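Can you build the whole structure from these sequences, using the hints too?
Single-letter residue listing:
4 protein chains.
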Amino acid sequence: MELWYTDQHTDNVRFSMKVEKELVSLESFYQKINLLKTYDYGKVLVLDGELMITERDEFIYHEMAVHVPMAVHPKVKKVLVIGGGDGGSARELTKYDTIEQIDVVEVDAEVVRICKEFFPEVSDSLSDKRVKIHFEEGIRFARGIYDEYDLIIVDCADPYGPAEGLFTREFYGICWKALKEDGILINQHESPYYEQHARSVQMAHKHIQFSFPYSTVYQCHIPSYPSGHWLFGFASKKYDPIKDLDDEKWNNLGIQTRYYNTKLHQGAFYLPNYVMELLEI
Amino acid sequence: MELWYTDQHTDNVRFSMKVEKELVSLESFYQKINLLKTYDYGKVLVLDGELMITERDEFIYHEMAVHVPMAVHPKVKKVLVIGGGDGGSARELTKYDTIEQIDVVEVDAEVVRICKEFFPEVSDSLSDKRVKIHFEEGIRFARGIYDEYDLIIVDCADPYGPAEGLFTREFYGICWKALKEDGILINQHESPYYEQHARSVQMAHKHIQFSFPYSTVYQCHIPSYPSGHWLFGFASKKYDPIKDLDDEKWNNLGIQTRYYNTKLHQGAFYLPNYVMELLEI
Amino acid sequence: MELWYTDQHTDNVRFSMKVEKELVSLESFYQKINLLKTYDYGKVLVLDGELMITERDEFIYHEMAVHVPMAVHPKVKKVLVIGGGDGGSARELTKYDTIEQIDVVEVDAEVVRICKEFFPEVSDSLSDKRVKIHFEEGIRFARGIYDEYDLIIVDCADPYGPAEGLFTREFYGICWKALKEDGILINQHESPYYEQHARSVQMAHKHIQFSFPYSTVYQCHIPSYPSGHWLFGFASKKYDPIKDLDDEKWNNLGIQTRYYNTKLHQGAFYLPNYVMELLEI
Amino acid sequence: MELWYTDQHTDNVRFSMKVEKELVSLESFYQKINLLKTYDYGKVLVLDGELMITERDEFIYHEMAVHVPMAVHPKVKKVLVIGGGDGGSARELTKYDTIEQIDVVEVDAEVVRICKEFFPEVSDSLSDKRVKIHFEEGIRFARGIYDEYDLIIVDCADPYGPAEGLFTREFYGICWKALKEDGILINQHESPYYEQHARSVQMAHKHIQFSFPYSTVYQCHIPSYPSGHWLFGFASKKYDPIKDLDDEKWNNLGIQTRYYNTKLHQGAFYLPNYVMELLEI
Numbered sequence: 001m002e003l004w005y006t007d008q009h010t011d012n013v014r015f016s017m018k019v020e021k022e023l024v025s026l027e028s029f030y031q032k033i034n035l036l037k038t039y040d041y042g043k044v045l046v047l048d049g050e051l052m053i054t055e056r057d058e059f060i061y062h063e064m065a066v067h068v069p070m071a072v073h074p075k076v077k078k079v080l081v082i083g084g085g086d087g088g089s090a091r092e093l094t095k096y097d098t099i100e101q102i103d104v105v106e107v108d109a110e111v112v113r114i115c116k117e118f119f120p121e122v123s124d125s126l127s128d129k130r131v132k133i134h135f136e137e138g139i140r141f142a143r144g145i146y147d148e149y150d151l152i153i154v155d156c157a158d159p160y161g162p163a164e165g166l167f168t169r170e171f172y173g174i175c176w177k178a179l180k181e182d183g184i185l186i187n188q189h190e191s192p193y194y195e196q197h198a199r200s201v202q203m204a205h206k207h208i209q210f211s212f213p214y215s216t217v218y219q220c221h222i223p224s225y226p227s228g229h230w231l232f233g234f235a236s237k238k239y240d241p242i243k244d245l246d247d248e249k250w251n252n253l254g255i256q257t258r259y260y261n262t263k264l265h266q267g268a269f270y271l272p273n274y275v276m277e278l279l280e281i
Numbered sequence: 001m002e003l004w005y006t007d008q009h010t011d012n013v014r015f016s017m018k019v020e021k022e023l024v025s026l027e028s029f030y031q032k033i034n035l036l037k038t039y040d041y042g043k044v045l046v047l048d049g050e051l052m053i054t055e056r057d058e059f060i061y062h063e064m065a066v067h068v069p070m071a072v073h074p075k076v077k078k079v080l081v082i083g084g085g086d087g088g089s090a091r092e093l094t095k096y097d098t099i100e101q102i103d104v105v106e107v108d109a110e111v112v113r114i115c116k117e118f119f120p121e122v123s124d125s126l127s128d129k130r131v132k133i134h135f136e137e138g139i140r141f142a143r144g145i146y147d148e149y150d151l152i153i154v155d156c157a158d159p160y161g162p163a164e165g166l167f168t169r170e171f172y173g174i175c176w177k178a179l180k181e182d183g184i185l186i187n188q189h190e191s192p193y194y195e196q197h198a199r200s201v202q203m204a205h206k207h208i209q210f211s212f213p214y215s216t217v218y219q220c221h222i223p224s225y226p227s228g229h230w231l232f233g234f235a236s237k238k239y240d241p242i243k244d245l246d247d248e249k250w251n252n253l254g255i256q257t258r259y260y261n262t263k264l265h266q267g268a269f270y271l272p273n274y275v276m277e278l279l280e281i
Numbered sequence: 001m002e003l004w005y006t007d008q009h010t011d012n013v014r015f016s017m018k019v020e021k022e023l024v025s026l027e028s029f030y031q032k033i034n035l036l037k038t039y040d041y042g043k044v045l046v047l048d049g050e051l052m053i054t055e056r057d058e059f060i061y062h063e064m065a066v067h068v069p070m071a072v073h074p075k076v077k078k079v080l081v082i083g084g085g086d087g088g089s090a091r092e093l094t095k096y097d098t099i100e101q102i103d104v105v106e107v108d109a110e111v112v113r114i115c116k117e118f119f120p121e122v123s124d125s126l127s128d129k130r131v132k133i134h135f136e137e138g139i140r141f142a143r144g145i146y147d148e149y150d151l152i153i154v155d156c157a158d159p160y161g162p163a164e165g166l167f168t169r170e171f172y173g174i175c176w177k178a179l180k181e182d183g184i185l186i187n188q189h190e191s192p193y194y195e196q197h198a199r200s201v202q203m204a205h206k207h208i209q210f211s212f213p214y215s216t217v218y219q220c221h222i223p224s225y226p227s228g229h230w231l232f233g234f235a236s237k238k239y240d241p242i243k244d245l246d247d248e249k250w251n252n253l254g255i256q257t258r259y260y261n262t263k264l265h266q267g268a269f270y271l272p273n274y275v276m277e278l279l280e281i
Numbered sequence: 001m002e003l004w005y006t007d008q009h010t011d012n013v014r015f016s017m018k019v020e021k022e023l024v025s026l027e028s029f030y031q032k033i034n035l036l037k038t039y040d041y042g043k044v045l046v047l048d049g050e051l052m053i054t055e056r057d058e059f060i061y062h063e064m065a066v067h068v069p070m071a072v073h074p075k076v077k078k079v080l081v082i083g084g085g086d087g088g089s090a091r092e093l094t095k096y097d098t099i100e101q102i103d104v105v106e107v108d109a110e111v112v113r114i115c116k117e118f119f120p121e122v123s124d125s126l127s128d129k130r131v132k133i134h135f136e137e138g139i140r141f142a143r144g145i146y147d148e149y150d151l152i153i154v155d156c157a158d159p160y161g162p163a164e165g166l167f168t169r170e171f172y173g174i175c176w177k178a179l180k181e182d183g184i185l186i187n188q189h190e191s192p193y194y195e196q197h198a199r200s201v202q203m204a205h206k207h208i209q210f211s212f213p214y215s216t217v218y219q220c221h222i223p224s225y226p227s228g229h230w231l232f233g234f235a236s237k238k239y240d241p242i243k244d245l246d247d248e249k250w251n252n253l254g255i256q257t258r259y260y261n262t263k264l265h266q267g268a269f270y271l272p273n274y275v276m277e278l279l280e281i
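Chains as they are written, first to last, in the UniProt record's numbering: chain V, 1 to 281; chain P, 1 to 281; chain H, 1 to 281; chain X, 1 to 281.
Simulated from the structure, these hints should not be mistaken for lab results. Bear in mind the structure is a predicted one, so any value in this text is a computation, not a measurement. Please note: incorrect hints may appear among the correct ones.
One copy or any two copies: either way a pair holds, since identical chains are not told apart in the list.
Computed cross-link-like contacts, DSS-like style, restricted to lysine-lysine with a CA-CA straight-line distance of at most 25 Å [unchecked claim]:
1) K18 x K37
2) K263 x K206
3) K21 x K37
4) K78 x K116
5) K237 x K75
6) K263 x K238
7) K238 x K206
8) K116 x K129
9) K78 x K132
10) K32 x K18
11) K75 x K263
12) K177 x K206
13) K21 x K116
14) K75 x K132
Written out as structure tokens, the structure is:
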């Protein structure tokens with residue numbers, strides 16, 4: 001059957017996947033949630049019509065969100081994941097024995113329930129005893145927390161609609177306070193390529209720079225995301241993402257990854273000229 | 001008007017661009033040639049239905065094909081471009097005053113004519129006096145040439161159909177002979193992501209390794225190509241793409257680029273684990 | 001979410017409906033069965049990728065298949081429906097108190113089960129006590145039956161794949177034998193418009209003419225079917241579809257219809273020139 | 001090349017044709033004009049993104065617009081065509097030797113120029129000496145004309161945008177005055193099927209009834225138009241479209257048609273129940 005899901009990358013660019021089966025279609029209190037089984041991308045989670053993660057390439061996103069800061073910061077014990085109800089970031093974090101607590105703050109309990117039922121490859125670690133799920137808005141949860149986290153990962157949807165508040169200067173200020181004196185903030189940062197996304201990236205980067213002494217972005221290849229060229233923001237109070245990379249230590253941990261490695265870690269920060277100009281790096 | 005061009009990335013993945021106008025539609029002796037004006041990618045050259053280059057992101061492809069070897073090899077004087085009838089590789093090459101001769105071997109004269117008329121941003125340098133265009137098959141042109149080129153760039157279509165011969169062991173052997181003792185061979189190498197492409201990459205890489213002592217691949221982000229994750233092969237008789245990079249010298253040349261820089265040069269060779277496994281690097 | 005089902009009318013014409021939800025997706029012993037909830041056509045039954053009926057316009061198909069012969073034949077008591085597992089033809093037939101027995105011969109029990117569960121508007125009458133469902137191949141069921149039915153309705157898929165046998169001369173001969181001496185045979189006949197369908201129509205019509213003294217086609221407007229211009233074959237041993245129409249009697253029955261009426265009945269047999277030429281009528 | 005033109009039948013229904021070549025793409029003073037060569041529908045004229053006519057099925061539209069009134073009215077000498085810059089209605093009208101003058105009032109001279117150059121099969125009769133083309137707005141042209149035409153054909157685009165004024169009560173009043181005492185008005189009337197179109201049909205019919213003693217609609221099958229089920233309005237001061245049909249006379253004229261015949265003429269007025277209810281006929 002010719003059944004196709006389309007993610008509109010821009011008004012004039014469409015990315016379409018052939019669908020084998022719709023596994024979930026419901027409306028939660030917050031959003032429409034769909035889970036599709038596609039032929040080439042496996043299971044695909046769609047929130048309010050926008051592609052969130054695919055079974056086939058989510059490993060790239062989650063490895064890059066987690067292992068980059070983990071290979072830089074020498075002693076992460078407590079992590080806050082804002083968004084991330086699918087469990088992918090938590091899965092990568094639980095690979096580190098030294099982490100003691102992972103707070104996942106997901107506003108929509110239905111997302112967690114569905115990923116637990118239909119996406120166990122991604123969500124299984126949510127039942128790790130170090131992981132605590134808080135069904136609450138990220139900004140509300142983080143406000144009023146001081147000096148507590150070594151690492152905050154903002155693993156959220158695009159900055160249109162519900163996740164909008166997570167791209168504001170106010171929010172980055174809240175994160176700054178919630179981090180310890182050597183904390184790191186990672187946030188998903190859209191693509192630098194299409195104009196609309198590029199402006200979001202630019203704005204988010206400016207807001208972060210306002211609060212954090214170290215602030216840069218790094219890139220990776222995520223085929224299912226608009227343009228395939230995806231950025232994360234790396235902001236920190238103390239550590240430099242390249243100088244403070246302890247590759248020997250990380251490699252000795254023996255953590256299995258399919259995308260990340262400590263060489264690629266460095267390469268991810270070597271950006272194209274047009275991206276550096278966009279961000280005034 | 002809702003007029004859309006679709007590039008079928010796989011049987012189950014479609015990438016579609018909204019078309020403003022069709023500028024060219026004809027059939028040459030070798031292939032169907034279309035030139036479309038799209039809303040978000042500008043002009044787009046399509047050969048036999050497959051997207052070749054877009055006005056918007058061709059700079060990434062051509063800069064990465066040319067400046068990577070040029071920043072490594074100390075004294076390139078004579079270059080062979082196989083394919084490349086659009087003129088993009090030649091444009092980047094003509095930025096180097098030290099290059100004395102650029103042979104562009106394009107089988108289809110119509111491609112050159114159309115790019116000259118409709119795609120001057122890409123093709124203008126084809127009229128540089130150092131550029132000689134040969135309307136001939138690449139493999140036939142190169143056969144019987146010995147010890148002549150400092151650099152060969154294989155700038156061709158995908159390895160299905162007419163360009164198939166440019167992905168064989170025989171062809172790489174011919175290139176080896178045509179290169180001087182310190183020559184470099186660059187070839188476009190498809191994406192490592194989708195299975196069909198991945199197998200082409202794997203095969204091409206094996207064939208090249210058979211002939212060349214130094215053989216590796218490097219990556220870049222080309223949004224209009226399948227998966228956006230694109231590879232080039234770097235094969236050489238003598239130079240290592242990272243150790244022999246002379247960044248100071250290259251930066252002193254003052255060449256303007258929008259994607260390439262010498263930091264990114266290094267990062268481009270730091271590949272994801274899954275790509276290294278695919279290529280057994 | 002942009003989820004679209006496409007029915008490929010020809011290789012070069014696509015008809016696409018936006019999907020709200022997939023209600024059923026399974027594979028029976030005979031075929032793939034999908035039931036989609038669409039925005040503008042309501043529920044849509046799809047077998048092996050091909051659109052069968054839609055909630056929104058199935059009434060046209062089923063009314064035209066049933067009421068045309070019923071308004072011509074003076075005393076229908078026993079009816080055979082070949083295919084029709086959705087129950088739509090049976091629904092229209094059960095509106096006649098004078099009908100005593102309706103044999104529905106559907107090869108695929110899953111189609112019946114799914115329509116009963118998800119498409120009650122169409123299938124409800126399958127539980128009428130005059131309706132007997134036989135899970136068997138139509139041709140096999142009918143073979144060896146003599147002089148038994150007043151009316152046979154061939155309510156099947158397109159003549160590619162499983163339903164192919166229902167468009168052969170042999171099958172029409174079997175129907176002839178199974179009908180009483182004044183019996184009528186109705187069969188769905190594709191569209192005269194697109195070339196591929198037109199040839200099927202032509203062929204089927206020739207085969208029927210071979211067996212039946214009265215043989216013609218009639219038309220209706222079914223928006224969800226290829227070209228929207230749909231034909232049924234009317235073949236009979238004795239009755240003429242227009243001369244023997246007893247409109248007064250039919251109108252006195254008080255049967256509620258949304259498409260059919262006895263004026264339109266006549267108009268349905270007044271075909272365009274190009275259709276008459278195609279069928280040599 | 002996968003190049004597809006889509007006509008959005010509703011927000012949730014798309015009709016798409018594969019395009020071989022774009023023949024024309026320009027913007028006139030009034031609208032965007034595109035002429036596409038498609039695989040299955042031949043040349044297709046598109047105005048402001050909406051499909052107007054296709055080479056393959058325009059004969060249905062134009063034959064039904066012209067021959068229905070011509071077979072009813074006994075002595076048409078002077079005809080006004082409002083819109084119809086493609087020349088299709090004029091082509092059918094010039095088949096009648098008794099017609100003396102055909103005024104075609106087309107607002108956009110570019111439409112005429114393009115159809116003359118690229119669509120000669122449709123536009124050729126525009127050079128018949130009885131045809132006078134007036135580049136003017138239809139409503140402005142007709143206003144102030146009294147008792148002059150035997151037949152007016154409103155052959156215009158959909159009632160959204162420029163053609164909106166041609167669906168108002170005021171306009172039908174103007175037509176009434178411009179017609180002789182036994183004049184006939186034909187207007188294209190959209191489809192009764194999709195809700196948005198259905199409301200236009202309903203409204204137009206009400207407005208016409210207000211002015212004309214005889215007012216009804218008739219239908220035909222146009223595969224490339226939304227739903228394939230298309231209506232025309234027939235309004236007249238004196239003649240009944242069925243009682244006054246002089247089939248013998250018309251058939252003696254020996255006019256060649258591919259869709260229309262005098263039997264089908266009658267059938268075209270026998271409407272489905274749901275259409276009669278919509279129009280309160």
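25 Å Cα cut-off: does K263 pair with K206 within a copy, between copies, both or neither?
-> between (28 Å within a copy, 23 Å between copies)
Between the shortest in-copy and the shortest cross-copy C-alpha distance, which are at most 25 Å for K78 and K116: within, between, both, or neither?
-> Within one copy only: 23 Å inside a chain, 55 Å across chains, cut-off 25 Å.
Indicate which option fits the pair K237, K75 if close means a Cα-Cα distance not exceeding 25 Å: within, between, both or neither.
-> The answer is within: 15 Å in one copy meets 25 Å, while 45 Å across copies does not.
Is it within, between, both, or neither for K75 and K263, if the alpha carbons may be no more than 25 Å apart?
-> within (21 Å within a copy, 29 Å between copies)
Identical-chain pair category, K18 with K37, by Cα at 25 Å = Cα proximity of K18 and K37: in one copy and across copies (9 Å, 18 Å).
Check K75 against K132 for me: Cα-Cα at most 25 Å, and say if that holds within a copy, between copies, both or neither.
-> Result: close within a single copy only, 20 Å intra versus 60 Å inter.
K32 and K18: within-copy, between-copy, both or neither at 25 Å Cα | both (20 Å within a copy, 16 Å between copies)
Intra- versus inter-copy proximity for K37 and K21 (alpha-carbon distance at most 25 Å) = Close inside one copy (5 Å) and across copies (13 Å); limit 25 Å.
Between copies, within a copy, both or neither: which fits K21 and K116 at Cα up to 25 Å?
-> Answer is both: 18 Å inside a copy and 21 Å across each meet the 25 Å cutoff.
Within, between, both or neither, where K238 and K206 count as close if Cα-Cα is 25 Å or less = So K238 and K206 pass the 25 Å test inside one copy only (18 Å; across, 45 Å).
How would you classify K78 and K132 at a CA-CA limit of 25 Å: within, between, both, or neither?
-> within (11 Å within a copy, 63 Å between copies)
Between the shortest in-copy and the shortest cross-copy C-alpha distance, which are at most 25 Å for K263 and K238: within, between, both, or neither?
-> For K263 and K238, both the intra-copy (22 Å) and inter-copy (23 Å) Cα distances are at most 25 Å.
Hint violations for this structure: none, all hints satisfied.
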